[in-house]
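Visitor: Take a look at the letters that make up each chain.
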Amino acid sequence: MLETLQHLGNLLNIPNFIALLLGSIGGIFFGAMPGLSPTMAVALLVPFTFYMNATTGLILLGSVYTSAVAGGAITAVLINIPGAPASIATMLDGHPMAKKGEGQQALYIAFVGSLIGGVCGVLALILLTPPLAAFAMRFGPSELFWVSVFGITVIAGLSDGRLIKGLFGGVLGMLISCIGYSPMLGEPRFVFHDTLTSGIAMVPALIGLFAIPQVLDLAAEVHLQVKKNKYTPKKGVFWPTVRRFREWWKTTVLANIIGIIIGIIPGAGGQVAGLITYDQTRKLSKHPESFGTGDPEGVVASEVSNNATVGAALIPLLTLGIPGSPTAAVLLGGLLIHGLFPGPELFSKHADVTYTFIAGMLVAQFFMCGVGLLFARFSHAIMNISNLIMMASVVILAVIGTYCVQNSMDDVIVMFALGLLMYLGIKAEFPSAPVVLGVILGPIAEESFLRGKMIAETDVGVFQYFFTGGINLLLIALSVGSLAWGLYGEYARYTKRQRAEAACHATTA
Amino acid sequence: MKKAILFCLALVLLSIGGVALAAPPYPSSPISLIVVYTPGGATDFQARIVSMPAGEEKYFGQPIVIVNKPGAGGMTGWNWCVEKGSKDGYTLVSYNMPHLVAQSIVSKPSFTVDSFEPIANWGADPAVLIVPKNSPLKTVKDFVEYAKANPGKVTVNGAGLYVGHHIATLQLEKAAGIKLTYIPEKGGTDAFQAVYSNKVMSGFNNLADAFRNTDNLNILAIADTKRHAFLPDVPTFQELGYDIDDASVNYRGYCFVKGVPKEAIDKAAAVAPAMFNDPMVVSKMKESGSPLLVLNREETRKMFYSQKAKLEVLLKDLVKK
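Taken in order, these protein sequences are the chains called A and B.
Under this note's numbering, think of the first position of the first sequence as 1, with each following residue one higher.
Under this note's numbering, think of the first position of the second sequence as 510, with each following residue one higher.
It is worth saying that the hints were derived from the structure and are not from the lab.
Note that the coordinates shown come from a computational prediction; the quantities given were computed from them, not determined experimentally.
Glycine included, C-beta positions come from ideal geometry on N, C-alpha and C.
Among the clues, some could well be false.
Below are the EDC-like pairs computed for lysine to aspartate or glutamate, each with C-alpha atoms no more than 16 Å apart in a straight line [stated by the list, open to error]:
#1 B:Lys617 / B:Glu821
#2 B:Lys817 / B:Asp623
#3 A:Lys427 / A:Asp160
#4 A:Lys496 / A:Glu289
#5 B:Lys617 / A:Glu187
#6 B:Lys735 / B:Asp754
#7 B:Lys688 / A:Glu457
#8 B:Lys617 / A:Asp194
#9 B:Lys688 / A:Asp459
#10 B:Lys662 / A:Asp459
#11 B:Lys662 / A:Glu457
#12 B:Lys695 / A:Glu446
#13 B:Lys593 / A:Asp194
#14 A:Lys349 / B:Glu796
Sample of chain B residues lacking proximity to chain A, with all beta carbon distances greater than 10 Å (derived) [unchecked claim]:
#15 Pro539
#16 Ser624
#17 Asp651
#18 Tyr655
#19 Ile728
#20 Pro741
#21 Thr745
#22 Pro788
#23 Ala818
#24 Val822
Taking beta-carbon pairs under 7 Å as the criterion, some of the chain A residues facing chain B (in silico) [stated by the list, open to error]:
#25 Gly333
#26 Ile337
#27 Phe341
#28 Asn407
Using the sequences provided together with the hints, build the complete structure.
Guide: In structure tokens form, the structure reads like this:
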């Protein structure tokens, strides 16, 4: 697929260039708006590409996709709401950094990380498509189930030392995701009011669980705020920040590998990649306790891997017509509308369009990074907004973002209800991240388990179906390892605290 | 300058007078079209194509704006339209047969077929039986014989519960006297992946999508009453001696909720079929491999009730008490 390079020149005409530029600016904006997810952004733009030529249209969609995934970091870092589902893990360390006055650095890291991840994802698309497409096809219900189990082991890492409460939150998240008609059996579950027939959509849940407690907390403190910190743009922090990527090379490599693998698997998107990478990075880190308090490495992990999923998600899409992510599924519409059917023909008969599109995806990463960095330079403006105005704007964004998803006022009510519940939960020291993890992974785990069970019962039996096969065994091993590591960390922390307490008693006695 | 101001004033007065004298003809403002699936899905995608020329004078003369209300396989959106949707003629609803009928029979939502006023149909996508390229089952005969020898052991997947693919599976079970295991997937493309990768032995899927993927799949038969122009070599089940009619064909089109003013219904029913046959729509649908089937109001109504009659018999055993 090195033909891609020969098509780089095709990008130099004016419409393609404008598509790249507008796509990147628009994508970052879409990404930063909570509720306007990358999937929604691409879906809304597909009809506009009817009137463009195929190449320009696809470049526009591709650059919006990639920028929207990265743009979510802005809201995640600055106001602690995931702008796009993929930026949940970015928030965990990005926002603490912003609170310390390092918001600008956090965003520089996020966008440079997104660039690295994005470029690696597209390189995987260019260089490794045949083997990776074949690999993606080995993922069936049992493999997907174990991927989600592996994701669930992340809970231990997201609980900030409150493992039991974290697990409780994770189960609560899964129960929330069960609400509505079961997609496998058609039975209504927890539908005690009509509002809940379609279940709780992921984006309203995310906004409610993160944004509402945030606003209530701000409201509670508003009278205490005598003098607000004034943030000023710092000069000369860009290169020192970027140079630190040399220390983070291991994290970057790991994030790319996880991002690309999760990207090609149909059924799991950038949010799963970001969370898994974040947790694994923390486990492999020499200073795991600094994660969650504004460790830039956490931002690197999340942003590199969520953008690495973008190029990778196109691998099964272009070769087999199987989208690797929900956004890629919508992008399929953009291909079809121009009569481009996925498959070998895309790389022979329509090679010109396809390779120019892939080259465009590569260049789009740089545009995304450029626009993002420009934005980061002025991010202090948002940090300096007074708390009162901030509260009001967050609520407005939350309501609009939630309403946009399904044009439904019911969702807005659900969002507020979940937000209030989470506020009480946070007061009782329940961390919110595990709840969200449950909401995201619950349906994947449940559906793939039931589907696998149905298939297994006609065939080899449930046990053999889930517990044989190389990928299954590898994933089980990884899950057990991850869980054991998490428990060991908890135990180590517990004994350390015991010792500290003992020492404390000894000195006072 | 003065003259220009006077002229403007006169225009304003005239237009106010015009409104006061007679109600403007329908439609006087943009119309929304409720699509009950997510943006980017096949129904949404096609709805956007066929509604594009709506703004032209010879059609509605007003743009049609797509509003997505997804959830529970379409039930959420249709429920909303019947319970809370406006009946002023400015809210069109997209229907999917047989999903709408099947859900109204099985799950007892707030709507039935009688809650809707058919306007026009734009598309029809029959279900086809697909197997992986390397499957030993090369014909429907092989398939049925294998299933007879191994009752319940043959897995068939489709895009979810009570959609056309599910209906086709039930019909095949009945017509051939076999027992199959139906696996509902998240959507059509997920179902394809499971078949390609041999995780599931076979599937019923949309003809349009299967037609684009013949490199990886074998298409055994079409669940419709006649062969399809996209796949002239693939036989129908009826030709092969299995009594399967068009009850599972996925029809898509416009309808209103009952109670909309007659003027709006008449206007929409008059222009919608012509709009679906607009050369731009026809070419875009063709390029994207989406089969077009334009039916007028009467034909659509007939289709609604014939589907209802067929599905009531077929789904009798599945109805929830």
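Visitor: Against this structure, judge whether each hint is valid.
Guide: Hints versus structure:
no.	hint	result
1	B:Lys617 / B:Glu821	holds (13 Å)
2	B:Lys817 / B:Asp623	holds (10 Å)
3	A:Lys427 / A:Asp160	holds (15 Å)
4	A:Lys496 / A:Glu289	holds (13 Å)
5	B:Lys617 / A:Glu187	holds (12 Å)
6	B:Lys735 / B:Asp754	holds (9 Å)
7	B:Lys688 / A:Glu457	holds (14 Å)
8	B:Lys617 / A:Asp194	holds (13 Å)
9	B:Lys688 / A:Asp459	holds (14 Å)
10	B:Lys662 / A:Asp459	holds (7 Å)
11	B:Lys662 / A:Glu457	holds (8 Å)
12	B:Lys695 / A:Glu446	holds (12 Å)
13	B:Lys593 / A:Asp194	holds (12 Å)
14	A:Lys349 / B:Glu796	holds (15 Å)
15	Pro539	holds (15 Å)
16	Ser624	holds (16 Å)
17	Asp651	holds (17 Å)
18	Tyr655	holds (12 Å)
19	Ile728	holds (15 Å)
20	Pro741	holds (18 Å)
21	Thr745	holds (24 Å)
22	Pro788	holds (14 Å)
23	Ala818	holds (22 Å)
24	Val822	holds (19 Å)
25	Gly333	holds (5 Å)
26	Ile337	holds (5 Å)
27	Phe341	holds (4 Å)
28	Asn407	holds (5 Å)
Violated hints: none; the structure is consistent with every hint.
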